[in-house]
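Enquirer: Those protein sequences? They're chains D and F, same order as listed. FYI, in the numbering used here the residues of the first sequence are 7 to 257. FYI, in the numbering used here the residues of the second sequence are 299 to 853.
Derived by calculation from the structure, the hints in this document are not laboratory data. In this text, a Cβ means the ideal position worked out from N, Cα and C, and glycines have one as well. Only true hints are included.
Quick partial rundown of chain D residues pointing at chain F, CB under 7 Å, derived from the structure:
hint, residue
1, 124
2, 125
3, 126
4, 127
Here is what each chain is made of, one letter per residue.
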Amino acid sequence: MSGLSLTYRGDAEMMVDMSALLPERLAGLTADDVARMTLPCGGGSARLGDLFDLSAGDAAEGLLIRPGGAILHRVGAGMTSGRILVAGDAGNHAGAGMAGGLLRIDGSAGDSLGGVLPGLPLGMRGGLISVGGDAGDRAGERMRRGIVVVDGRAGAYAAAFMVAGTLAVGGGCGPHPGFGMRRGTLLVGHPQDAAPDGFADGGTRDWLFLHLLRRALEGTGSWFERAGTTRAHRFIGDLAEGGRGEILAVV
Amino acid sequence: MLTKLAGGRLFDPTNGRHGEVADLWLRDDRITADPGPGATPDATYDLTGKVVMAGAIDIHSHIAGGKVNLARLLMGEEHEHHRFAGSPCGCGGGSGLATPSTHTTGARYIEMGFTAAFEPAMLGSNARHAHMEMGDIPYIDTGGYLVLGSDDFLLDLIATNAGQAAINDYVAWMLTATQSLAVKVVNPGGINAFKFNARTLDLDEPGPYYGVTPRSVLTVLARAVYELGLPHPLHVHGCNLGVPGNVATTLDTIQAASGLPMHMTHIQFHSYDTEGDRKFSSGAAALAEAVNRTPTLSVDIGQVMFGQTVTASADTMAQRRTAPLAHPRKWLAMDIECDAGCGVVPFRYRDTSYVNALQWAIGLELFLLLDDPWRVFLTTDHPNGAPFTFYPELIRLLMDRDYRLAKLAEIHPDAPAHTTLGSITREYTLAEIAVMTRAAPSRILGLADRGHLAPGASADVTVYTDRPDRRAMFERPDLVFKSGRLVVRDGTLVAMAQGCTHVVRPGFDDLIERRIARHFDERLGLSLKHFRIRDEEIRHGAGPVLHPCRRREVP
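Looking at chain D on its own, in the form it has when it is part of the complex (with noise of 0.2 Å):
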């Protein structure tokens, strides 16, 4: 990747806002300009320089961030196009409220993946975010476009008050899943036996719009792209909000 890299240099768990660092805002500035630039962490505020080690290059051809020890907080929060590597953990929001663009995340999620600022009605408006660990709590919360894909597992309230949008995860789901879901597709990797609270049995069958998920996520090296099938138990709901959302189990 000729993009910017960024290194954390302590080992401290220190919290870092990341939400500044997005590569369309960064795209054109040098290596010492991003370094210049102050970020929240801890309790007050720290310069990029000081917490990370900067390689030269462009965020616009992608931003590569090694954490460390760090927790980074809303990593691509609001991101509208442009990649971000994550080579280790994130922390709560990332991708939160993102309309465009690529995150991958090697290891895990905080809560909040892919989901909700505080405050605000509208989650996740496009884009692609995938993790190769696990989620926290409320993945994929009010989401209403784009693509959210979870190798591990998700906590609780996945897919929580979704309006559209896919957010698809290979080792199963919390307590309450979908809840309050209004439309737009929760896919786990393993069957299901019975249906969720609010959700009514639709049945099993090959669905069609698996096959175009699965080319939606081509290159990703995602589950459900090695998963051999496209059969799923479909359950319907929330039930409360009308119901026409779906949370679909691989069988």
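On the provided structure of chain D, position chain F as indicated by the hints.
Expert: Frame of chain D; chain F shown alone:
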């Protein structure tokens, strides 16, 4: 520490001073008499030509408690976009405009020369949280008004004819347990009726479960407050808030008090008539006449100012009604421990909207038609009509007729025809502003040592430069002293100070506690022992400031 404020023009209506030039002396945290020619002050400020007033007091501003915090959560983007670094003295940081965080609240108030603000809707079960937040607000004095009137225990006492004495004991017990300063009633009985699916409740309509009318809740509480001798009369948020034609209900509510003192709050939201094509017009003239005629009545306005804010109220009925108008489109409502309710609806008042423009005009009309500044208070019902930071602009509208007419010309063209605002020539004087924001609030809350400049009073002093632009004048005081300490210079924070929390504690018959304890055990999620707030919990251990109550009989 002895401080001399030399040669300022004192506006101190409590002590009959309306701009006389005199020296003012502060010793430590109190105002003191002139110590005579031998004394050498530690600090002297030459205030020749400056306007000197006591610190201003806001009697109705939602600054702490459950719904304020819920509003902050709902308005997350506001806190994202408006963050404030602290001043060099290490205070005043935080975030938010309409829902400022605690430090920001204190900082914005003191920067305008306000040294006290009172939370007017503290629910019993939220009181501990409200007190912790108030303890965290720097600079200003605070206190909370306890919300009663939709709580099951009181409605049950009324429905079973338990008698006024039992109700008095209950009110006194609740005030003591929650460390409150006054009693407020919000949509009397209406919040309870809402839970039984009523969406309106008129003054003489029995509630669906207890069969108690709002009128009886009002009279019973007004009588309890009078007989217990609380300094502040019953603080009333009436029925039908925001409904066109509600001025009739408001006039009936004044009748319902039948001579007992009452404070009607944010009456701007309760003065709407149904004239005109749009069935929405000003009822201000009729209401102002009734208030002027009733000397036992005081009011605050709840002025609407244009811009983004958020409405937070215990009145779930009104909030559910306005929810479709929310901007941005989100809202919340919830029950609070069966005590009362809570609704939060973000709102943007626009001068291009007929209704909003008229609301703005009605508020100003009321200010200008009410004769007695001792009975009308400057409020925007923060944050419901506008954030309290709009006060300087509001003062300019009241004091400057040309400015007012210029603004009137900018609003929705149909609105001026439905108010009398354009024909009112009155302009408030500095002395009247001093009454409305200092002397009258301290009198109506029973704060004997605040809001005036006589020896012995708390050394809360604000110094302004007399500018023709009253907004600029009241926005940036030259000096603000809180408890004798200089905290603001030229509108900027220079030092930290802490206020205190004011409470009343009328006595009660201990027998009532047994009944209340049973109610807590059987119905509520908290035991009575934990409900009661200890003195050590107030202001990080400093404890409250007590104000005396004098029991009286209804004549």
